[in-house]
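Novice: One-letter residues, chain by chain:
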Amino acid sequence: MAQDWKSFEPLLIPDIPNLQQIEVYEGNGGYDALKKILNDQNEWSRDNVVNEVKQANIRGRGGAGFNAGLKWSFMPDPDGGPRYLACNGDESEPGTFKDRKIFEFNPHLFIEGALIAAYAMTIDTIYVYIRGEYISWVEKFQKAVDDAYEKGYLGENIMGTDISIDLEVTYGAGAYICGEETSMLESLEGKRGYPRVKPPFPAQKGLWGRPTTINNIETLANVPLVINNGAQWYSDLGAEEHPGPVLYGISGHVNQPGVYEYPTGVPVLELINDVAGGIRGGKDLKALIPGGSSTPVLRADQLEGVTMNSDSLKDAGSMMGTAGMVVMDEDTDMVDVLWRIAHFYHHESCGQCTPCREGTGWLEKVLLKIKNGEGEMKDLDLLLDVGNQMEGRTICALADAAVWPVRHTINRFRDEFEARCKKSTHAVA
Amino acid sequence: MPEVFIDGKRYEFEGKPMLLQFILDQGLEVPFFCYHPAMSIPANCRQCMVKVGTPVKDRETGEFEHDENGDRKIRWFPNPQTSCSTPLQDGMVVHTQETSEEVARAQKDNLEFILVNHPLDCPICDQAGECPLQIQTYKYGPEGSRFEVKKVHKPKRVELGPRVTMDAERCINCTRCVRFTEEISETNQLTIVQRGDDNYPQTAAGEEFDDPYSMNTVDICPVGALTSTDFRFKARVWEMNQTPSIDITNGKGCNVDLWTRDNEVLRITPRENDEVNDYWMPDAGREAYKLFNENRADRPSIKLDGDNQSNTSWNNAIETFAEVLDAHEADDILTVGSPHASVEENFAFNKFFNLLGSSNAKFTPDVIPGAGDDFLITDDQAPNTNGCRAINLDEADSNSLQSAVSGAKVVIILSDDLVGREVLSAADLNDSYTISFATNENDTTNVSDLVIPITCIAEHAASYVNVDGRIQRSYPAKETKYTNRRLNLEMSEGRLDRYGTNFDNWVSEENKVDCLPVWQFLNKLAERINLDFSYNHSRDVFADISEQFDMLSDISYERMDEENGVQLPIKQEEVKQA
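Quick mapping for you: the protein sequence lines, in order, are chains L and A.
Here this note's numbering is used: position 403 in the first sequence is 999, and no number is missing along the way.
Here this note's numbering is used: position 526 in the second sequence is 569, and no number is missing along the way.
To be clear, the hints were calculated from the coordinates, so they are not data collected in a lab.
Watch out, some of these pointers could steer you wrong.
Taking lysine to aspartate or glutamate pairs in the EDC-like style, the calculated list, with each CA pair at most 20 Å apart, reads [claimed, not checked]: (1) L/K1018 / A/D50; (2) L/K787 / A/D317; (3) A/K182 / A/E55; (4) A/K394 / A/E191; (5) L/K787 / A/E250.
Some but not every residue of chain A turned toward chain L, in silico, with C-beta under 8 Å [what the hints assert, rightly or not]: (6) C88; (7) R89; (8) A149; (9) F156; (10) P185; (11) E186; (12) G187; (13) R189; (14) H196; (15) K199; (16) T208; (17) E212; (18) I227; (19) N231; (20) T234; (21) G239.
Cβ coordinates follow ideal geometry from the N, Cα and C atoms, glycine included.
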């Protein structure tokens, strides 16, 4: 990572007033990437676009970090039937609030990226699924879509070419599980948001049984950057194995919480201290959840030299996730934190698979018992055991996401949990 | 042929079977709850986990790679796989709970999860004794529980519809009921509501679960969450005998089981037959059990003065019958067979009066056009219309039957409520002496001069031909005054201690109806009037039938038993309107 990250000029949400207005966006090079492709479809054949994006190595910003171009290449050859791009704007993971910035401040960048993706995969229908609680962002984004239709970037014969692509904005009713890609497809189909059994994968059988690619909003917003500046330029940004700009959502006990755009690979402590203004009240850092509530918590002493990219975080014992960083100061009660996280997963488990349906509730109830000062030492081992019984045994990854914080918070702050249990009314058991 | 190794044993397979179904087809066992062979595979209960590996193939040659011992290299899936949703692949290696500690542990873990919020109220649960959760917990579950916090509470005693009651706390969320209404009955009346451990099946707000097939969800519910409102708390499963039979409430002849205790049929459930009804039956057919217990024609009855019927002895009934026959010419006697009676009953009835010189019995199909659906409910309301045709009874519509009745001095009706279903009016029978063979009291027996009580389908072995021309048979499920469970070898004895004595609580003298099989009554009548007519068993009646009718020549009870019913070459035509 270059040392000059602080001089980085934002690309996803540049500091341009009213960029959400289509004229302003156009006036600042907006839709140029799309024009570039559609005006020279020989140079920018569908395969070439896919390859360019693949080489840029945009790692999915929804949490899994999978190469976006590679994902696109899984789509089967067109057979004349419908194919879909489903854009995941359900961001519901606690600590994650980045996509809404795109909807609000640079929606056309995302629309342009989605159009390029649709072109590259021979798709004529784009669905954008936004979490129900974001109703005001749904409205903001819908305005941008309407403008894009009016200007001819969406709809029939885009910019006079024979390419026609529609974009439909839709939203959920407030279920975290609908951010899981196959549940989101069920929800889009008007059904209850239950994750689907894979295989078949969405690229084979997605929406209404047709080939479908699902990308995160931020991921697609990166696409025009790649087309405008080239894969090489993009992959030189930030960390080598995980390049590009990232919207860091920093929350918790910092002086200036918010969404900040920097390349990947920024040192974690510098983000906390130099970007987010340091710990509130001059206190010490105690712990960090680096990428949304499901990513394993790291103790302050584990953060020395750690940077925000997948390899570095993996070495430290966590994950990049959505780069939604939750910062906790020295006064934070980790039992309380873990109970609150467990409460979330209990509340959000769809209930389809037995281990997750029953396990998330069990975890929360035992943690509540400990939090209320009624825990026993054996409860800590029980929590770890229940977690082991859940992980890897369900259709989707919600159970895993519920287990990781439990396992790592207990292991990394075990003394704190033990102290609470020892003080309890049932201390020696 | 592709091969698969399950617990160290090699099996060959064809096509693309799923692992769980393949395991079950081999007679092996893996516990499961949500899987049902007739429905889609949601893989949500996670119980059927097994360890699965596939052989490593050389990318260039496509040959299997081997390790230093010469064994095939196996690439194991990192996590246990749900066998229901795993398609078999050539060379796949599978370890079930029998040969893998890891799998046994995973299954035990899963059962522990299923049980944490289950109320464990087996002692008051109808499902106990036939409960997959109970059985599999005994076999594969953990001992005791580590769950020491509060269970979730959910709605109980919810009447989802007129026939199904739900206890949401018992529900393990397998979604079988929901998938049934989506995929089988196609009413889409049920869905899962709420989330996580709060969820349970429910109808849309204000709607009720009145699907005409709703009670099938009770059968496929792997716990006691959905119970039959009617059968709830009536009997423990282990107190009942289970006897194969067929549904008599319409023409489809759904294969069923009759569940009896103390000579009462307490419930009817579907019995699997891929050729007829798969695993299902309409709700209406389940309510037929009341016909077998209630309002039965019990002891012969006779009209002595005016319109008052009174019970009489069998001797007197036979004597009266004989006198009526003696006093009339064969031409004055009209015999009416019945699509509601079995092939054997119609045949014996018809043969008896043929021997006395009467022409073939008439019969009137019981068809309500439009009453049926495209599934298991037919327009035909009777179980044996095609059986009457197969033995050449004389098919008559309402009008021609009325005119035949008006020309007759004696009308003898076999088990058909012709007045009740308005083929005849009570007045039509005023001028003739009417004799009814009947299982139940009805509008026709009420206006009859002599009523001979006969056995119903739950009391005799007999065969019926359904609308599609399939002949299937019943077995005696409950005793009459004149049968004995321990002497009648065709009677089912569902319990392990089947050589019971009178002191065993499942041998019961209660609720025995005073009635006879048609052929047995006719034996006695024949003896009285010196007619050469005698059968020892309905099996003998059927032997006679197959001798006389080419269509039935190679059919026997044994063949019906072996093949679960036999298709006759009767066209699958719509049963003609009466």
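Novice: Next step is simple, just say for each hint if it's right about the structure.
Specialist: Here is how each hint holds up against the structure:
Distance check on the hinted pair: L/K1018 and A/D50 sit about 47 Å apart at the alpha-carbon level, beyond 20 Å; violated. Using a Cα cut-off of 20 Å, the hinted pair L/K787 and A/D317 is violated, with the two alpha carbons roughly 31 Å apart. Distance restraint check for A/K182 and A/E55: the Cα-Cα separation of roughly 28 Å exceeds the 20 Å cut-off, and the hinted pair is therefore not satisfied. Note on A/K394 and A/E191: the hinted pairing is violated, with a Cα-Cα distance of about 72 Å set against a maximum of 20 Å.
Distance restraint check for L/K787 and A/E250: the Cα-Cα separation of roughly 18 Å lies within the 20 Å cut-off, and the hinted pair is therefore satisfied. Nearest Cβ of chain L to the Cβ of A/C88: about 6 Å, under the 8 Å cut. The hint holds. Given hint, A/R89 at the interface with chain L, holds; its Cβ is 5 Å from that chain's nearest Cβ, closer than 8 Å. With a least beta-carbon distance of about 7 Å to chain L, the hint placing A/A149 at the interface is held under the 8 Å criterion.
The closest approach between the C-beta of A/F156 and any C-beta of chain L is roughly 4 Å, which is under the 8 Å cut-off, so the hint is satisfied. Interface hint at A/P185: violated, since its Cβ lies 11 Å from the closest Cβ of chain L, which is beyond the 8 Å cut-off. Hint status for A/E186: violated, given a least beta-carbon distance of 15 Å to chain L, over 8 Å. Given hint, A/G187 at the interface with chain L, is violated; its Cβ is 13 Å from that chain's nearest Cβ, farther than 8 Å.
Taking 8 Å as the C-beta cut-off, the interface hint given for A/R189 holds, the closest approach to chain L being about 6 Å. With a least beta-carbon distance of about 12 Å to chain L, the hint placing A/H196 at the interface is violated under the 8 Å criterion. Taking 8 Å as the C-beta contact cut-off toward chain L, the hint placing A/K199 at the interface is violated, the least distance being around 18 Å. A hinted interface residue such as A/T208 counts as satisfied when its beta carbon comes closer than 8 Å to some beta carbon of chain L; here the least separation is about 22 Å, so the hint is violated.
For A/E212, the shortest C-beta to C-beta distance to chain L is roughly 13 Å, which exceeds 8 Å, and the interface hint is violated. For A/I227, the suggested interface contact is broken, since its CB lies about 18 Å from the closest CB of chain L, more than 8 Å. Given the 8 Å rule on beta carbons, the hint for A/N231 is violated: about 11 Å separates it from the nearest Cβ of chain L. Against a cut-off of 8 Å between C-beta atoms, the interface hint on A/T234 holds, since the closest Cβ of chain L lies about 7 Å away.
Interface hint status for A/G239: upheld, as the beta-carbon distance to the closest one in chain L is roughly 4 Å, under 8 Å.
Checked against the numbered hints given earlier, the structure breaks hints 1, 2, 3, 4, 10, 11, 12, 14, 15, 16, 17, 18 and 19 and satisfies all the rest.
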